[in-house]
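There are 2 protein chains.
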Amino acid sequence: MSRYAKPLTDVALDDRFWNRFRETVVREGIPYQWRALNDQLEADAEPSRCMRNFRIAAGKEQGEFGGFVFQDSDVYKWLEGVAFSLRWHPDPRLEAIADGAIEEVAAAQQPDGYLDTYYIINGLDRRWTNLKDHHELYVAGHMIEAAVAYYQVTGKRRLLDVALRFVDHIDSVIGPEEGKLRGYPGHPVIEMALMRLYAVTGDERHLRLAKYFVDERGQSPLFFEVEGERNGNGFYWKNSPLRYRYYQAQQPVRAQRNAEGHAVRAMYLYSGMADVARETDDAELARACRDLWESATQRRMYITGAVGSSEHGEAFTFDYDLPNDTVYGETCASIGLVFFAKRMLLLEPKGEYADVMERALYNGVISGMQLDGKRFFYVNPLEVVPEACEQDAYKRHVRPERQKWFGCACCPPNLIRMLTSLEEYVATETGDAVYVNLYAGGEIRADGLVLKVETNYPWEGDVKLTVAGDAPCRKRVALRIPGWCREWTLAVNGEAAEATVRDGYAVLDREWRPGDGIELALAMPARWVRANPKVREDAGKVALQRGPIVYCLEEADNGGALHSVRANTAAEAEIRWEPETLGGVVTLTTDGLREKDGSWDGALYDFRDAPEAEPVKLRWIPYYAWANRGVGEMRVWIRN
Amino acid sequence: MSRYAKPLTDVALDDRFWNRFRETVVREGIPYQWRALNDQLEADAEPSRCMRNFRIAAGKEQGEFGGFVFQDSDVYKWLEGVAFSLRWHPDPRLEAIADGAIEEVAAAQQPDGYLDTYYIINGLDRRWTNLKDHHELYVAGHMIEAAVAYYQVTGKRRLLDVALRFVDHIDSVIGPEEGKLRGYPGHPVIEMALMRLYAVTGDERHLRLAKYFVDERGQSPLFFEVEGERNGNGFYWKNSPLRYRYYQAQQPVRAQRNAEGHAVRAMYLYSGMADVARETDDAELARACRDLWESATQRRMYITGAVGSSEHGEAFTFDYDLPNDTVYGETCASIGLVFFAKRMLLLEPKGEYADVMERALYNGVISGMQLDGKRFFYVNPLEVVPEACEQDAYKRHVRPERQKWFGCACCPPNLIRMLTSLEEYVATETGDAVYVNLYAGGEIRADGLVLKVETNYPWEGDVKLTVAGDAPCRKRVALRIPGWCREWTLAVNGEAAEATVRDGYAVLDREWRPGDGIELALAMPARWVRANPKVREDAGKVALQRGPIVYCLEEADNGGALHSVRANTAAEAEIRWEPETLGGVVTLTTDGLREKDGSWDGALYDFRDAPEAEPVKLRWIPYYAWANRGVGEMRVWIRN
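Just so you know, the protein sequences line up as chains A and B, in that order. Per the working numbering, numbering of the first sequence is gapless, rising by one per residue and ending at 848. Per the working numbering, numbering of the second sequence is gapless, rising by one per residue and ending at 848.
If you are wondering where the hints come from, they were derived from the structure by calculation, not from laboratory data. Be careful, since some hints might not be right.
Note that the list lumps identical chains together, so a pair holds whenever it fits in one copy or between two copies.
[To be verified] Derived pair list, reagent style EDC-like, types lysine to aspartate or glutamate, alpha-carbon separation capped at 16 Å:
#1 Lys582 / Glu231
#2 Lys550 / Glu487
#3 Lys742 / Glu820
#4 Lys660 / Asp222
#5 Lys825 / Asp799
#6 Lys742 / Glu595
#7 Lys672 / Glu662
#8 Lys388 / Glu424
#9 Lys825 / Glu780
#10 Lys742 / Asp809
#11 Lys446 / Glu311
#12 Lys742 / Glu803
#13 Lys446 / Glu598
#14 Lys742 / Asp805
#15 Lys742 / Asp814
Predicted, not measured: the structure shown is a model, and the values here were computed from it.
Whole structure, please, built from the sequences with the hints as guidance.
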């Protein structure tokens, strides 16, 4: 029996919290983004050109390539999201549109299987000359992911066949064999995509190619350097502190100990590494994954699950460097962190992975989307002063309100595929155990055991699981005790249950009968959080968290100049469910102090005591819901 | 009688504090920089090419222009500094070298008076086509300043004649008259230079040209735009929040209310404006100067007298935006602030101007130079974490140690001319009054009254002034009571003196006899400073100041992780003169707390109380002396 867990994919979600987001995605996001891909948005949104590129590449239209070199990936991410949505929200009309989009894609495929509209339009003679920056393998990766999802949900092979032909082509061009390019992608994703493909095809070539991409990365002589010299490619990061760290290619991945470079690339690469490590039972690679996980999450992650401290390279910087106002924290990077966390959970079922997954999902991932599903953040700051976003060139990437569509539209479709596939993150299983990693209403259908889950998570900590089905079944049920939870009780059929607690899970081992009820009660007070004292930017500050939800102060509730506000951490927070606020949220109200500046004259500096402070009530809203009520200041960490 | 003050230039300095800096400049700075101008430095310093450019322009050597478009200005600033030094430190050998340099300069002058080696070498057909960015008028301004100083000190007209011919040429090419370019400099300095020239020549054309440059700036249609379209010039700041504010050309100067754009340019422009306002008795222009002064010093200045909050454009950002770690705070900008302050003092003798002048001089100006005079800071941060300077692309302009020489070497020669001309900042006079603005040992020789000054300022607050000369003289003596001083006493001939206090000066009005002694005792405790509560970056923090000296903590004395250190503002500071430390400084020792991080496990975030803190002694050194003992952390503002 494998010592690894496997994904438990037969899950149905019907959750109060997530339903709203997922319905928004189906109702607004998917149609909106389809219009975006077809340049049918309002004139003030940036055009995508994505579908047009496919038609030009297929010879159906005349014109030039539009958008970024990786523009094709947008439709693949959209298709993947559509596929996931069809699993729980059948929609024949949408499926027909997606089938049509797949035909457009297929029509552009070259006789040899190649499919990247950038090079098809601009000249195939230059293809595969710039793996470092030209994203052909990235685009292929997203195509594969879409193809696998669409096939798994609809049973239709059209896109899968396109992807398989493209993979055959790639396999014929790139690899360690004599005569092939000994390259790998500048932007990872194909590694985990190939592992998903392998799970469907069982074709060893797919596994081998994924493993090759992982192992070849960063080997000496460095392919990107060789390629650059051969083809005269530029090296944008030459004079940056990042250099090849930008691409996670500064050294072979097994030697890497710190999460470095472009955060999305890093997360995707590490996810692929974990997939390969598990599938090939590679302890050394698994260890590298653990080291990178610890670096990313224990030294370089924001409290919201955001990663990427700097706009420069959208990248990691160094340990404990977590500025709240110049942060990048790309939505895609938090999504990537969820991918990575899920794969670490499969490598070893430890609650710490699910804790981070939950942290990212409920905070830094969904903060990327406006509550109406129509606008998106690329950057997810923890501290915003709107004037600074305008006047300070190094904060201009931080926007105080979500944008309609991006020229580089990676985040919106990534959010769609994340939210539509949440089922895949809820539970994992081993031969004799079901691990419940996230608490959300629905049904978890493991081999021999069906658990019906009822909860009002994350607003309440009570989770009720009822055994459905008709046969008795012996199975360990492992319920995650979230890292944020300090007090909890567990009952089975109304009686306090003995549970072994191991690696963050309370494990019930018994024979289950239909109708058995498990009641997990997680105490969910509002708690003040402090950052590790090594985090310079959070020294002397506190944040507020309740359950998995990180809170923030907004100018809309608390006035501006939030740097003048201090927390009174001694007083109790008032917890209030407000169904009419921000789509329904629990708000928190705490005592605080606001320093008055009225008594200062014009002087900038003076010999004075601390400014007088007056007691105020501070009203906190969930971080993910910020910037839904106009432009204003926002802060997660405030002075204590 | 003019209501304005005039410079009191007959001052001899012999001051314990300044002598050391000035001797370093004469002994190290001037010879070192001459070698730099002639590319004779060690191989690891950036070559200047400055003098070589003149020889190439004169046809004496073959070669290409080297350095920046404004490279000529370096020798002019050096010559100006040499001139000033010769006034108090005669040195025939140095004067001969300077005479030789002037001959090199003169030899490059064109028959029509033009003199900018960039265009002489690269093609005169393109001259005057890019006033916005190509610095010809800036170079001319520095030439004029050097020429005036050299003439005033040595009586030699050679460089003055060269400058006058260049000014004639400029006057024939640029101006409001039909057929001339209706332009003005992208980088101001010629405005104040022409005013100094006018003071020597009395030639109304020089005044008129200065006034024209001031008044034409920012008029519509914008010259820089017209010029750019005509000549195809680029506009680097097009997509920046700065745009034409970078050049202080966003609107006519009389309408400007905020200190904006590139901070050095701003300071130089405002200085020229104040000169013109005073000379032409222009109340409207003087009011604009006052508004700009208030903006710069009451809303946009660091406690060290640094200005320019952002590396982007080396520029001001917005009110109260004063980040300590990403600051620019160019040495030249603080020097420019001293220029501006001096001119405001002449417009109206108010102590607040001298307060800022003193703040900049004793802190943000001299911090630019290593104590041995051999290395220089361009950027003067208030908070440094060396690792961030390497790993965070947006802090890479902040260096944790001074550099040998800069490709753009504006700051080192600017420091030289500032330190060699300190005499000009000590005092001002009106018909019946002498204003002592800075306290430094030496002699102030006003019309009819000579004051001998003895003091150990800034380390002690006692200042003794003795009336020298032989005739009795009725004159008001106005002694500045520094803004930092809360308690002081004044005695004349040993008896407490009645003094009127007005606008920051204690005024003694009596008939002075030879031998009369004035004793001013300024109480000089160490005081905790707070910033205006609107300054986000300093909220909850304190700085430490004694007299005009701002202090800082260095890792060398206090260990790293200075963000974990808190001040105990209740305890008294221990004040200690340490002759062997950093060339002789008063250090301060205060009680403080250091938060321990030992008790944290690996977690980044946790529900915890504030970290335990242990009492520590904090050892503070003068800010200007930081980074003279190797690389380490430094902080001016610490938590309270």
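Status of the hints after comparison with the structure:
{"no.": "1", "hint": "Lys582 / Glu231", "in the structure": "within (13 Å within a copy, 67 Å between copies)"}
{"no.": "2", "hint": "Lys550 / Glu487", "in the structure": "within (14 Å within a copy, 74 Å between copies)"}
{"no.": "3", "hint": "Lys742 / Glu820", "in the structure": "between (29 Å within a copy, 13 Å between copies)"}
{"no.": "4", "hint": "Lys660 / Asp222", "in the structure": "within (10 Å within a copy, 89 Å between copies)"}
{"no.": "5", "hint": "Lys825 / Asp799", "in the structure": "within (5 Å within a copy, 34 Å between copies)"}
{"no.": "6", "hint": "Lys742 / Glu595", "in the structure": "between (29 Å within a copy, 13 Å between copies)"}
{"no.": "7", "hint": "Lys672 / Glu662", "in the structure": "within (5 Å within a copy, 85 Å between copies)"}
{"no.": "8", "hint": "Lys388 / Glu424", "in the structure": "within (13 Å within a copy, 65 Å between copies)"}
{"no.": "9", "hint": "Lys825 / Glu780", "in the structure": "within (12 Å within a copy, 36 Å between copies)"}
{"no.": "10", "hint": "Lys742 / Asp809", "in the structure": "between (36 Å within a copy, 12 Å between copies)"}
{"no.": "11", "hint": "Lys446 / Glu311", "in the structure": "neither (41 Å within a copy, 43 Å between copies)"}
{"no.": "12", "hint": "Lys742 / Glu803", "in the structure": "between (27 Å within a copy, 10 Å between copies)"}
{"no.": "13", "hint": "Lys446 / Glu598", "in the structure": "between (29 Å within a copy, 14 Å between copies)"}
{"no.": "14", "hint": "Lys742 / Asp805", "in the structure": "between (30 Å within a copy, 7 Å between copies)"}
{"no.": "15", "hint": "Lys742 / Asp814", "in the structure": "between (30 Å within a copy, 13 Å between copies)"}
Hint check: a violation occurs at hint 11 only; the rest are consistent with the structure.
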